[in-house]
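Each chain, written out:
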Amino acid sequence: DQQVKQNSPSLSVQEGRISILNCDYTNSMFDYFLWYKKYPAEGPTFLISISSIKDKNEDGRFTVFLNKSAKHLSLHIVPSQPGDSAVYFCAASVTGGYQKVTFGTGTKLQVIP
Amino acid sequence: GAVVSQHPSWVICKSGTSVKIECRSLDFQATTMFWYRQFPKQSLMLMATSNEGSKATYEQGVEKDKFLINHASLTLSTLTVTSAHPEDSSFYICSATRLAGTDEQFFGPGTRLTVL
Numbered sequence: 001d002q003q004v005k006q007n008s009p010s011l012s013v014q015e016g017r018i019s020i021l022n023c024d025y026t027n028s029m030f031d032y033f034l035w036y037k038k039y040p041a042e043g044p045t046f047l048i049s050i051s052s053i054k055d056k057n058e059d060g061r062f063t064v065f066l067n068k069s070a071k072h073l074s075l076h077i078v079p080s081q082p083g084d085s086a087v088y089f090c091a092a093s094v095t096g097g098y099q100k101v102t103f104g105t106g107t108k109l110q111v112i113p
Numbered sequence: 001g002a003v004v005s006q007h008p009s010w011v012i013c014k015s016g017t018s019v020k021i022e023c024r025s026l027d028f029q030a031t032t033m034f035w036y037r038q039f040p041k042q043s044l045m046l047m048a049t050s051n052e053g054s055k056a057t058y059e060q061g062v063e064k065d066k067f068l069i070n071h072a073s074l075t076l077s078t079l080t081v082t083s084a085h086p087e088d089s090s091f092y093i094c095s096a097t098r099l100a101g102t103d104e105q106f107f108g109p110g111t112r113l114t115v116l
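Residue numbers (the numbering used here), protein chains in the order written: chain A, 1 to 113; chain B, 1 to 116.
Same shape as in the complex, but just chain A (with noise of 0.2 Å):
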């Protein structure tokens, strides 16, 4: 039982313009998301999260959006880098922080100049 779905395994996006990955989950009692970045080779980074209280959080060309009646996440990139090339991970937790989170499948962003 997936409860973290990401149902776009890529996404090709030109440098410059806005990426959006989504995610979606079934379980409502998760109340902190998460984004992670993995790279080739190298473990999941963390990126920028959100708590259930929240529908919007920022941080630099990082934007996460929550729609908690739609049970749906999304990442916003902008402007989108060739260093921005990874997979990005969507993950939730039912205990309002970083423990025993639940992961989805992932999307491979590329960034082309």
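Hints are not guaranteed to be accurate.
[As the list claims (entries may be wrong)] Here are some, though not all, of the chain B residues that point toward chain A, as calculated from beta-carbon distances under 10 Å: (1) S9; (2) I12; (3) L26; (4) F34; (5) Y36; (6) Q42; (7) T49; (8) V62; (9) S95; (10) P109; (11) G110.
Don't read these hints as lab results, they were simulated from the structure. On a predicted model such as this, the values are computed, not experimentally measured, just so you know. Even for Gly, the Cβ is constructed at its ideal location relative to N, Cα and C.
Dock chain B against chain A, hints included.
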């Protein structure tokens, strides 16, 4: 800071043998270490959570006798895949949380296990 290493980065073994994977926090003490496995085109699945000096807590469906976890110190956890079979071939990733600070997980680079 907050670097986690894994050794080996890849390993090939024969069916029936055991393989040990090490996870080390290089520049911090880790209260808790996590072990994940990832099959191709699938998500990271948590296998177990371990705290230094105590028995690991395994997720449902993970065989504790097959995947032995030892967390002997605040900087080292090991995962031993016993009597490995081809279906155990996967990508194994560990993560660790700091002794002091938030409970953010810092991930290792992963170990690719191929069982022939």
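We went through each hint and held it up to the structure:
1. S9: Where the cut-off is 10 Å and the nearest Cβ of chain A is about 7 Å from S9 (chain B), the hint holds.
2. I12: violated, 17 Å
3. L26: violated, 13 Å
4. F34: holds, 8 Å
5. Y36: holds, 8 Å
6. Q42: holds, 6 Å
7. T49: Cβ of T49 (chain B) sits 8 Å from chain A, so the hint holds.
8. V62: It is violated, given that the least Cβ distance between V62 (chain B) and chain A is near 14 Å, above 10 Å.
9. S95: holds, 7 Å
10. P109: Hint holds; P109 (chain B) Cβ to chain A Cβ min 5 Å, cut 10 Å.
11. G110: Status holds, d = 6 Å.
The structure fails to meet hints 2, 3, 8 from the earlier list, while all remaining hints are met.
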